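K.L.:
Here are the chains, one letter per residue:
2 protein chains.
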Amino acid sequence: MKEGPSFFEIKHRNLMGRIGTLFTKHGKVETPVLMPVIHPKIQTVTVEELVKEFKVDMLITNSYIIYKDEELNSFARKKGVHELLGYSKPIMCDSGSYQLYVYGSVNEITPDQIIKFHQELGADIGVILDIPSHPDASYKKAKNDVEETLNRAFSAKKNIEDMLIAYTVQGGKYTDLREYCARELAKLDGDVYPIGGLVPFLETYRFEELIEVVFSSKRNLPLNKPVHLFGCGHPMVFALTTALGCDLYDSASYAKYAKSDRLIFSYGTRKLEDLAEIPCFCPICVDYSANELKKLEKKDRQKLISKHNLYVCLYEIKRVKQAIREGKLWELMESRCRAHPNLFQAFLKLKNYKEIIEKYDPLIKPSALFFFSSESLNRPEIYRYSKRLKNRYLPPKSARILILLSKIGEKQYSKIYTPLIDSLSRKLGDRIANIHFAFVSIFGIIPIELENIFPVLQSLAPAELDMDVLNYIEQMILEYLSDKNYDSIIFFQVNHSLDELILKLKKKILNLLILSDLDSLKKTLAQLTIKFKGDVIDQEITCLRKIADYQFGKDAGIALFPDNQSIRFEKSKSTGKIKKIFCNENYLLTLRPDNGYFSLGIYGAKVLLKHFESPKLRVIVDDEASKFVSRGKDVFAKFILQADKEIRPKEEVIVVNQNDELLGVGKAVLNGEEMLVFNRGVAVNLRKGVEK
Amino acid sequence: MKEGPSFFEIKHRNLMGRIGTLFTKHGKVETPVLMPVIHPKIQTVTVEELVKEFKVDMLITNSYIIYKDEELNSFARKKGVHELLGYSKPIMCDSGSYQLYVYGSVNEITPDQIIKFHQELGADIGVILDIPSHPDASYKKAKNDVEETLNRAFSAKKNIEDMLIAYTVQGGKYTDLREYCARELAKLDGDVYPIGGLVPFLETYRFEELIEVVFSSKRNLPLNKPVHLFGCGHPMVFALTTALGCDLYDSASYAKYAKSDRLIFSYGTRKLEDLAEIPCFCPICVDYSANELKKLEKKDRQKLISKHNLYVCLYEIKRVKQAIREGKLWELMESRCRAHPNLFQAFLKLKNYKEIIEKYDPLIKPSALFFFSSESLNRPEIYRYSKRLKNRYLPPKSARILILLSKIGEKQYSKIYTPLIDSLSRKLGDRIANIHFAFVSIFGIIPIELENIFPVLQSLAPAELDMDVLNYIEQMILEYLSDKNYDSIIFFQVNHSLDELILKLKKKILNLLILSDLDSLKKTLAQLTIKFKGDVIDQEITCLRKIADYQFGKDAGIALFPDNQSIRFEKSKSTGKIKKIFCNENYLLTLRPDNGYFSLGIYGAKVLLKHFESPKLRVIVDDEASKFVSRGKDVFAKFILQADKEIRPKEEVIVVNQNDELLGVGKAVLNGEEMLVFNRGVAVNLRKGVEK
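First to last, the sequence lines map onto chains H and R. Numbering-wise (my numbering), the first sequence opens with residue 554 and increments by one. Numbering-wise (my numbering), the second sequence opens with residue 554 and increments by one.
Note that these hints are calculated values from the structure, not bench results. Each hint should be verified, as a subset may be incorrect.
Since the list gives no way to pick one copy over another, a pair counts as held whenever it fits inside one copy or between any two copies.
In the DSBU-like style, the derived pairs of lysine-lysine whose C-alpha atoms are separated by at most 35 Å in a straight line are [said to hold, decoys possible]:
#  : residue 1 : residue 2
1  : Lys-824   : Lys-1186
2  : Lys-1198  : Lys-1163
3  : Lys-594   : Lys-1126
4  : Lys-642   : Lys-694
5  : Lys-809   : Lys-968
6  : Lys-1169  : Lys-605
7  : Lys-907   : Lys-856
8  : Lys-1037  : Lys-950
9  : Lys-943   : Lys-642
10 : Lys-642   : Lys-631
Owing to the predicted nature of the structure, the values given are computational and were not obtained by experimental measurement.
Given only the sequences and the hints, what does the whole structure look like? Please build it.
P.N.:
Here is the structure:
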């Protein structure tokens, strides 16, 4: 069993973003969460209002300010910070790093003393007194700041009792320093990992650097710990930074911006004086018009604008959470990043991270993928499809002629292509087995056997595609063909949406035939197939094998559906589609109509265990958990000893004990890498254990 | 003076969208406005709530329902619809077309009777009983529906007294029928023009057709009348349809969707059961969580969801209005159209309309242009720049060598290029006059003289551009060069952002030199310029002339700043930039530091009047208005007899009387075409009249 306690688990996820639970002394909190910064003394919006009107789940305050104030200090030492603030839910205590950054020094207290003071206050989470570096600090200065931060973290570790500790990643704008700092802090097994020193990036719209700094930190931090984007309380970035795995946010800006009459919106900030009307329906803006706000006393106005700002910030977190639940965080980013060209440029950077983001992004999502334009090409789903197609897919052996059919701009392509294929089948008889159909789409090329897998079928794209997308499609077709041996390749052109692409392909594929009416297609195929005897193959079995290869790995198909065994299907009465599949009357697996993947049965899992060497497809649990799993209970992360690193969230997995004996089958919640480090929460939703 | 009364005027505008005022018997209303549909009897949200909680400015109800109900009918005939509903602001009365559409016939009342009934009710706006065609209706059926609608409109016209009349455009999905119907209805001089039969397009996400139908109707309707997008109460489309010139919206969906527990958001609709948390901060969602709503009685829940829906719909109108005021409606569309690929596809259609949209879009906007990716190329500002550059710009005569400098990916290009140009000037002396600098940017090519005009300077773009944008830039450079006679063309490459583009240019421009260090540039220029004598020219005057040409038309520059006259500048003490300009001590004009265009003085206007034939740059007013204008009063549209059709909103114009005598100078509010038809509201904000 894994060492050390843990206070964080994952419930839902999308990209590297996650909805999780953070456990503290004062209860649990759902993340991502926004903690309003509350001054121990001066409160524009009171704690009572935060609780009643905003139902705030967690606060952050500054122990350094409490420490320096004699009255606050003595009260808080006696009664604790919760009583001081009048708040019963979790409180995080910041250390004074910001004061250090602004005023240059924090003299009254040592880094170790502040940790101790956090504990005396009864803080749920305490932050070390880290050293932020200015974005334009020299490399040397930033490196020194990192070293001193690390020293303080190391020293703090020795003194912690009964409090979650937050180790802040620093390193200025230097990604290698961020990586180094994150790696070193990771070793200390903190509970929360803030990424610090980011406010100046945000304030100067240096979003591209912000994203680089966040990503280089995040990818070196423990997967099982929440990450706190320190000081970045503007909703413009929440979608993007949550997609990169940030879980905690704090906001002082709600009150700070209000001081200068600035209103926060999800798409930017506006001065009250520039607004004729406030485009907002929060309770404040429903009660007060722009003119009414302008006429109020400064103090009253400040409070109301603070509240508006807080509504907007808290809303954006909810919006991001909804996008995670729906599997639509990418779509939200595409919309939100249109707030500013610099934010858009930061979003474009995700191109460089897609290989890593793909590891965390669920294989199956609750809703369709919306593809728009070239930026959508950076989606992990697109990358994943190309990788699996390349590594796991081979066309059927009988396939000699490839017919490419465009899905682009065809809303009801099945109504067009099903009759086409049927008509060709009737014409060609057994020789249809030598024809291989594939669709051209935003994913590149889709062999017909894979047309129903998520998100290939479950995607929508505009009819007009931009040049980068067309180039991608071309490149994917060429890559696909580069190691295949079709005798002939035909592009059957039913509309003109891909004319340019087809011309370009023609130049590169010398034997490409371009046809655009059914009669000439039939004639050509009759001529081309005359030399084939016609392999008698079972199209349905072939299709199932290809899906299995794509889902589980190469040759899974032939293992599950071998030539010499009796395979039987149960089909849906309403749709005629294959549902349950049996091998020699043993229930193998089910083909899911909603996402096109298989759900494994016990027998199917046994076949795959035999076929693939450990740890491929496996989650290996300790003996303590074995009996529960075999009885059908979910697999908790802490019992996992080993797992296939290639497992993705929502992937079908096989749970075994240390002797590779089958315990059950289920669906992954965590990816393979996370299973190795998480020691809290469910890692696999079990569908079936081996015992009844 | 123009005929007929008018009840609409324009205050702010962006694209074809406008913030206007509609005048009715029951007061004026700011447009775009959303009218909640209110059932005379069954009200999920009561009129009292609409007034108190939502501050609704206008309602729409159905007179047919009132007519059919004996009790309502007799009350309403006596006391009027305002008393019936308990609402004192404007009310529009619909006719029963929807009932006709759904139930197939409306037997109890004739089309003429319903118009009369609207008037008896005291409706502010009455709608004819038009005939909607289903989107999939045959051409013949749709044409018949249009003819019958036209008959009814014609018949209605004879019977109207003391009520604004709305003539609804029909024609199904057939754009030529829509155009025909709109043109014919336009002749009847209605007060409001609804576009009808759109609900099925909206409900089936046929946004591309929706947009085509809206545009083909709108462009054939009178410019000075408000257009009502009938039945399209979903906020997903508001940005897009307002950008095409729709002013009135109605929403029955707020209550209709609530019946089936559907919540409306600006990005789509969600079923309550699918929401774990409601991503919303409207007063309803602040008070009730998703779970609390789910547990309520059906009736209570329906009311609350209706209210949520109404908050969201009314909010989106405010958001669109804010975008119009800020000049950011295009940016809003880019974000909103990411709600669905079909909506995005509809947005892409604007490419075909940019030539028309450009006519209505202000020359100068209050904020910077945010450019993102290939769709941004369809912006009217980009189109306008390319057109003016082509038609109005010629390089200085002394220009023999063109140096292209890339602005792309260079945030602080002036810090790089100003010293570069200075350094070359020192090196080359007078021969610098033979060098012409131009910047490569998202606009294509920008001759250095035009670098400060709006929105060339006032624009932001990401550092990375997609292929379509790069192709556009290439095409613009080639077009620019196609009719210019530079001896040499040099691309001075300071970063690698445009490497690919430069390679492509090299293939097409045979004499293109590519240089990337200052020394070789200096050396090359020294060699190339050795043959020139060095034209002694005044760089500042040259620059002013080029701006004048771009702003006012070809050769305006030489007319305003002739060679043989004494031109004097007043420069800003802080920036050193030219401000006021005098010719022989007569005040000519001012170069505006914020937008790079000229504001005309009286003397400057006289020069231009002499140079350009009428009606170029002119707004010609009748004698009645002349004396007011010459004393500095704004020009009201109704006094305008003639205007230059090329005038754009925010363009500098010259106001004259019928004898082409100067009355004053000012800035256009309406474009030239609108000035000819509007007879209400300000058409030109006068800066200065000829009399003191």
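K.L.:
Would you mind marking each hint as holding or not holding in the structure?
P.N.:
Verification of the supplied hints:
{"no.": "1", "hint": "Lys-824 x Lys-1186", "in the structure": "between (55 Å within a copy, 31 Å between copies)"}
{"no.": "2", "hint": "Lys-1198 x Lys-1163", "in the structure": "within (19 Å within a copy, 80 Å between copies)"}
{"no.": "3", "hint": "Lys-594 x Lys-1126", "in the structure": "neither (69 Å within a copy, 47 Å between copies)"}
{"no.": "4", "hint": "Lys-642 x Lys-694", "in the structure": "neither (38 Å within a copy, 66 Å between copies)"}
{"no.": "5", "hint": "Lys-809 x Lys-968", "in the structure": "between (58 Å within a copy, 33 Å between copies)"}
{"no.": "6", "hint": "Lys-1169 x Lys-605", "in the structure": "neither (51 Å within a copy, 64 Å between copies)"}
{"no.": "7", "hint": "Lys-907 x Lys-856", "in the structure": "neither (42 Å within a copy, 45 Å between copies)"}
{"no.": "8", "hint": "Lys-1037 x Lys-950", "in the structure": "within (11 Å within a copy, 60 Å between copies)"}
{"no.": "9", "hint": "Lys-943 x Lys-642", "in the structure": "neither (51 Å within a copy, 66 Å between copies)"}
{"no.": "10", "hint": "Lys-642 x Lys-631", "in the structure": "within (19 Å within a copy, 61 Å between copies)"}
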